[in-house]
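Asker: Fit chain B to the given chain A structure using the hints.
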Amino acid sequence: MRLTLHIWRQKSPSDKGRMVPYKLDNVSEHMSFLEMLDVLNEQLIGKGQEPIAFDHDCREGICGSCGFVINGVAHGPRRGTTVCQLHMRSFNDNDELFLEPWRAAAFPVLKDLVVDRSSFDRIIGAGGYISLPTGSAPDGNAIPVPKGDSDMAMSAAACIGCGACVAACPNASASLFTAAKISHLGLLPQGQPERHSRALNMVAQADREGFGNCSNIGECEAVCPKGIQLENIARMNRDYLIGAALYREPQSEAGAG
Amino acid sequence: MPLHSRTPTGPIEKRWENTKFEMKLVNPANKRKYNVLVVGSGLAGGSAAATLAELGYNVKCFCFQDSPRRAHSIAAQGGINAAKNYQNDGDSIYRLFYDTVKGGDFRARESNVYRLAEISVNIIDQAVAQGVPFAREYGGTLANRSFGGAQVSRTFYARGQTGQQLLLGAYQALERQIGAGRVKMYPRTEMLDLIVIDGKARGIVTRNLVTGRIDVHIADAVILATGGYGNVFYLSTNAKGSNVTAGWRAYKRGAYFGNPCFTQIHPTCIPVSGDYQSKLTLMSESLRNDGRIWVPKMPGDTRKPQQIPEAERDYYLERMYPSFGNLVPRDVASRAAKRMCDEGRGVGPTGLGVYLDFGASMERLGRQAITERYGNLFEMYERITGESPYEVPMRIFPAVHYTMGGVWVDYHLMSTVPGLFVLGEANFSDHGANRLGASALMQGLADGYFVIPYTLGNYLASNPIEKISEDHPLVKAAKEEVNNRVKKLLSINGARTVDSYHRELGKIMWDHCGMARNAKDLLEAAAKIRALKAEFWTNVNVLGDAADLNQSLEKAGRVADFLELGELMCIDAADRHESCGGHFREEHQTPEGEAMRDDEHYAYAAAWEYKGEDKPAALHKEELTFEYVKPSQRSYK
Numbered sequence: 001m002r003l004t005l006h007i008w009r010q011k012s013p014s015d016k017g018r019m020v021p022y023k024l025d026n027v028s029e030h031m032s033f034l035e036m037l038d039v040l041n042e043q044l045i046g047k048g049q050e051p052i053a054f055d056h057d058c059r060e061g062i063c064g065s066c067g068f069v070i071n072g073v074a075h076g077p078r079r080g081t082t083v084c085q086l087h088m089r090s091f092n093d094n095d096e097l098f099l100e101p102w103r104a105a106a107f108p109v110l111k112d113l114v115v116d117r118s119s120f121d122r123i124i125g126a127g128g129y130i131s132l133p134t135g136s137a138p139d140g141n142a143i144p145v146p147k148g149d150s151d152m153a154m155s156a157a158a159c160i161g162c163g164a165c166v167a168a169c170p171n172a173s174a175s176l177f178t179a180a181k182i183s184h185l186g187l188l189p190q191g192q193p194e195r196h197s198r199a200l201n202m203v204a205q206a207d208r209e210g211f212g213n214c215s216n217i218g219e220c221e222a223v224c225p226k227g228i229q230l231e232n233i234a235r236m237n238r239d240y241l242i243g244a245a246l247y248r249e250p251q252s253e254a255g256a257g
Numbered sequence: 258m259p260l261h262s263r264t265p266t267g268p269i270e271k272r273w274e275n276t277k278f279e280m281k282l283v284n285p286a287n288k289r290k291y292n293v294l295v296v297g298s299g300l301a302g303g304s305a306a307a308t309l310a311e312l313g314y315n316v317k318c319f320c321f322q323d324s325p326r327r328a329h330s331i332a333a334q335g336g337i338n339a340a341k342n343y344q345n346d347g348d349s350i351y352r353l354f355y356d357t358v359k360g361g362d363f364r365a366r367e368s369n370v371y372r373l374a375e376i377s378v379n380i381i382d383q384a385v386a387q388g389v390p391f392a393r394e395y396g397g398t399l400a401n402r403s404f405g406g407a408q409v410s411r412t413f414y415a416r417g418q419t420g421q422q423l424l425l426g427a428y429q430a431l432e433r434q435i436g437a438g439r440v441k442m443y444p445r446t447e448m449l450d451l452i453v454i455d456g457k458a459r460g461i462v463t464r465n466l467v468t469g470r471i472d473v474h475i476a477d478a479v480i481l482a483t484g485g486y487g488n489v490f491y492l493s494t495n496a497k498g499s500n501v502t503a504g505w506r507a508y509k510r511g512a513y514f515g516n517p518c519f520t521q522i523h524p525t526c527i528p529v530s531g532d533y534q535s536k537l538t539l540m541s542e543s544l545r546n547d548g549r550i551w552v553p554k555m556p557g558d559t560r561k562p563q564q565i566p567e568a569e570r571d572y573y574l575e576r577m578y579p580s581f582g583n584l585v586p587r588d589v590a591s592r593a594a595k596r597m598c599d600e601g602r603g604v605g606p607t608g609l610g611v612y613l614d615f616g617a618s619m620e621r622l623g624r625q626a627i628t629e630r631y632g633n634l635f636e637m638y639e640r641i642t643g644e645s646p647y648e649v650p651m652r653i654f655p656a657v658h659y660t661m662g663g664v665w666v667d668y669h670l671m672s673t674v675p676g677l678f679v680l681g682e683a684n685f686s687d688h689g690a691n692r693l694g695a696s697a698l699m700q701g702l703a704d705g706y707f708v709i710p711y712t713l714g715n716y717l718a719s720n721p722i723e724k725i726s727e728d729h730p731l732v733k734a735a736k737e738e739v740n741n742r743v744k745k746l747l748s749i750n751g752a753r754t755v756d757s758y759h760r761e762l763g764k765i766m767w768d769h770c771g772m773a774r775n776a777k778d779l780l781e782a783a784a785k786i787r788a789l790k791a792e793f794w795t796n797v798n799v800l801g802d803a804a805d806l807n808q809s810l811e812k813a814g815r816v817a818d819f820l821e822l823g824e825l826m827c828i829d830a831a832d833r834h835e836s837c838g839g840h841f842r843e844e845h846q847t848p849e850g851e852a853m854r855d856d857e858h859y860a861y862a863a864a865w866e867y868k869g870e871d872k873p874a875a876l877h878k879e880e881l882t883f884e885y886v887k888p889s890q891r892s893y894k
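Heads up: the protein sequence lines correspond to chains A and B, in order. The opening position of the first sequence corresponds to residue 1 in the numbering used here, with each subsequent residue numbered one higher. The opening position of the second sequence corresponds to residue 258 in the numbering used here, with each subsequent residue numbered one higher.
Chain A on its own, in the form it takes in the complex (with noise of 0.2 angstroms):
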């Protein structure tokens, strides 16, 4: 098939950046997307001009590096699917295509179709974990997990940190990715604990970092390619709110002995 390409070319993050078009023929309905900018980036090199840039890495879905919006779309036209696995198939000939970046004030652009989207690793960071040095584990069947709680958890565990949820929302909200590892590790005893401060704590880090807040829209839902759920983002709130009644200042613990 024959391809009309509009891509974003932003060449650093002090650019403005704009769209450029691009024509590309024998595009194969087996070809993946990336492997389709592949071909026109061997094009355009031979050509003597510089490649697009764009993340990608495993190539099947699970990294989560990879990502960009397709005519509007956040990772194309196919649900529950990254474009590492949008297969050109889903395309028809004559197609005309336009690429952008995500596009959120969280995910600065550092070139092409590249965001910087460290910030989902700093809302990680302020709490999205248990808190356990290595070693000093019980044994795995010590504490029995009821299976449904164990699947629920494992498909909100299940995020691959795209950002596809936040380019897809209006508002540019980090809930869905900040409520699915708050879901992940407050449906496991294992996570309960640090249930109510973890959600505290990563929900104020996605407010630090520039994200926008949820008004239940389900954009982010819609594209995600690992269906996790908005009923997630209930889950986040009553902890955090939950969380927020409770909350009270650390005591310190010197003195003892």
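Please keep in mind that the hints were generated in silico from the structure rather than gathered at the bench. Watch out, some of these pointers could steer you wrong.
[As the list claims (entries may be wrong)] Some chain B residues near chain A, calculated using beta-carbon distances under 8 angstroms:
(1) Gln387
(2) Tyr395
(3) Gln429
(4) Ile641
[What the hints assert, rightly or not] No more than 27 angstroms apart at the CA atoms, straight line, and that leaves these computed lysine-lysine pairs for DSSO-like:
(5) A:Lys16 - A:Lys47
(6) B:Lys745 - A:Lys47
(7) B:Lys790 - A:Lys47
(8) A:Lys11 - B:Lys744
[Claimed, not checked] Chain A regions said to be covered by chain B (calculated; three or more residues, Cβ under 8 angstroms):
(9) 48-61
(10) 136-143
(11) 156-163
No residue lacks a Cβ here, since even glycine has one placed at the ideal position from N, Cα and C.
Answerer: Chain B in isolation, oriented as in the chain A frame:
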């Protein structure tokens, strides 16, 4: 320099315990005086960085991805082994040890493998307590499944995303330390050289992949956890960014490279569909639990699979290996698939594929049960091929998946450069000539959580380490070399793209150093690769600037190193005149076509020493002794 493996003696079940007791400790107040660099943030690197920071060391961690959470460990699907014997089916530490030594075709160090099996149980405990959502039974206990190369169910799993969940566990532990200011994280940063001063690893040179800035980081010890080098084949199941550069730079600075030719070809991947193909996608080995592998009995049979009656199908693994059937180890399954295709019985448009059929299982267990077990894998297959495995059998073909070879390390996971430790897939240890399924995650986490915290402390406590400044002439020289290499790559302005060289290298490797090898082809391949390398350095075209996010430049540096590694792999493979595990030499096979080892002459790990540009590498041998598992012809019949 002779090799000292520092392998302990005495009863095997006491070796690690005794070694731990004999090792020196660094007291808690002194740990923060030591600077440690961890390169790589996958299961091995992430768990090491988090654990060392928790102990009190000053840690810097580096990864080329935009976040430590994206390391390629994340793509591991099937599971992680542990000798918990929760299933009461006869498993034990000794049995996991035995299976792993045998599965590795008697080319791994017994002491290391025993330690790995011993630690496996702690890993599960650690991961569960971190919140890794492993699959569970209705009673709330952990579920297990069986995996290739084992007759017990010892594999723990989290749907088809076990690697992801274990990595997120390690990543969260790492982020906790980063948030607490105990680890300084450097994402989008690539290590381009190792700094060795007075024979000790003392730092690294890095390039910031966004700004292009070249920096040096001085430290008291350096840990590489940089994964495998399967991408030397261009097409592999590895992530596009996976590369050998850190390990290769270490090799050129004096670290020996162990068993470079030991490569694992995974039997269940989606076949290649065209020239544009950029990577191969693995279908979890767990599918072999319920899928039956077959080809038509008649060569050149072009009928659709549904039209081929049962009597005209050859379930060749069940026929050839009745006791293990579809669950034979990966090397055996891959070679059998190749043999079927060589006989003209391969399926699909290219003839390079075999069927993996769930029809019988769906009849036996119902479609619902199969969906629960493999639903996400079936969806992934359908997205990529446009065919539903519920309707037509999957087509699969072997693909490069894992490298058992890597930087040679002793029992302490230290390389031949003191102070340089190598963990996980990046080192050569534990898996011998073939890795069993669900053992890579186990090894990465064993090294990072439970081995390096002890052995690093022992090194720091027993070796005086001088203070070094960034003005040291060797530090400046290393930085200058990196700068020059970057400038050189950008100034060639030749006619071919980096990818075109990478593809050509990959094809040479796959054709001559892949599933079947022979001495003549291997030596020819080595010569071809040398010529290709020479051409690369005069005719590659890398556009863009040094001080910029430049993905072509990143690739160019990595491909340049792959070109050198590829040659060494061919030389190593040519030098090993026996078949073992994933290394199959056509000249050395049994009458039935099985791998034939030569224990009398080749029961050693090959450790190659770099001797300089255009000089042949020197071979050192670490003789392997088997006191517990006596080498025998591996039989899965």
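Asker: Let me make sure I understand: some of the numbered hints might not hold for this structure. Which ones are they, in numerical order?
Answerer: none
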